[in-house]
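Trainee: This is what each chain is made of:
2 protein chains.
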Amino acid sequence: MDEHKDTLSWKLLSAEEVRKDEWIDFRSGKYELPNGKVISPFYTYRKCNFAVIVAVTEEGEYLCVRQYRPGVEKVLTEFPAGAVEPGEDPEKAARRELKEETGFESEDWVRLGKIAPNATIADNMAYCYLARDCRKAGERHLDETECVDMLLLTKKQIEGLIARDEFVQAVHVAAYYMAEAKNQAE
Amino acid sequence: MDEHKDTLSWKLLSAEEVRKDEWIDFRSGKYELPNGKVISPFYTYRKCNFAVIVAVTEEGEYLCVRQYRPGVEKVLTEFPAGAVEPGEDPEKAARRELKEETGFESEDWVRLGKIAPNATIADNMAYCYLARDCRKAGERHLDETECVDMLLLTKKQIEGLIARDEFVQAVHVAAYYMAEAKNQAE
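Chains as they are written, first to last, in the numbering used here: chain A, 1 to 186; chain B, 1 to 186.
Note that these hints are calculated values from the structure, not bench results. One should not assume that every hint holds.
Which copy is meant is left open, because identical chains are indistinguishable; a pair holds if it fits in one copy or across any two.
[Unchecked claim] SDA-like, lysine to any residue: derived pairs with alpha carbons at most 25 Å apart:
#1 Lys30 with Val18
#2 Lys30 with Val72
#3 Lys92 with Leu151
#4 Lys47 with Glu22
#5 Lys30 with Asp143
For reference, chain A alone in the conformation it holds in the complex (with noise of 0.2 Å):
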């Protein structure tokens, strides 16, 4: 559908560096619209990619981890996930996270999609996976910037969750229902 493409894209006139460093390459924007109107500030960052994993162990409980998250100020019940590094294939970044924060491994990946947190602002995409049949493999290793808990949770749990907006991060709910679609076509 890329025939919009050329009516519907900005061109950036300029750019300002905001601030620049390894976590973050934040810019504000100067923009032309389609229309002819030119926008600024308009604020995009940089940021590296994720691996989210939807994780199911062998008896159907779902690996979740709760931590703080200081965007929203709480404690939040998430899917595992973490930093895909540059160049590093995003399955493999996901079978780390997923021993590391849970000492859990699994033989059945699939792949859900690519997701972006967001793609109006940011650059970063998650890449999204379901790992079956997961069986405790030895302990977690947490780096010490890391406070996580785990704990397991049946499908009833998080749907109910979800409902009472209790599981809120938008990339972690998108992938536990791209895992049930994959589920239910199998």
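Dock chain B against the given chain A, drawing on the hints supplied.
Mentor: Just chain B, lined up with the frame of chain A:
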């Protein structure tokens, strides 16, 4: 499940204002983790909430829009969406945005949930709605910074786009599936 909160929450020790205007409040924070370790910088930002509408016509087609998204530097296919003004009722904002972006109205609104595009670094929330039996009620009213095409897609087309990583906004993917779950539960 807030019994975990005290052992997982981070403590904000200090914050530097990197950029603050009517569009964004972008900060660099210094945090003490529950294990006593201090990390800095950890960037967060505050931005306005928004509403996303999964709007379905009487014929069962989904109202979609296409627009340029500077974060990923691409024209994306999405659902209608727009800002919720501070203090505004999110459903009121959803009704307004649907009317303005598509010219369609609905008398059958269902709240799907409140989710976070990126709870890790941002505070804003997306209020998701399902609007059924939408009918054309007038012309579109786009403001001069909105260059947005409109299109009608079938359920099969949307699921095909999602499967091909061509419908990538995580909030919109989550909203689509939340609407599907709501429809299936009835």
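Trainee: Could you run down the list of hints and mark each one as holding or not?
Mentor: Checked hints:
{"no.": "1", "hint": "Lys30 with Val18", "result": "both (13 Å within a copy, 19 Å between copies)"}
{"no.": "2", "hint": "Lys30 with Val72", "result": "between (29 Å within a copy, 16 Å between copies)"}
{"no.": "3", "hint": "Lys92 with Leu151", "result": "within (23 Å within a copy, 38 Å between copies)"}
{"no.": "4", "hint": "Lys47 with Glu22", "result": "both (9 Å within a copy, 23 Å between copies)"}
{"no.": "5", "hint": "Lys30 with Asp143", "result": "between (40 Å within a copy, 18 Å between copies)"}
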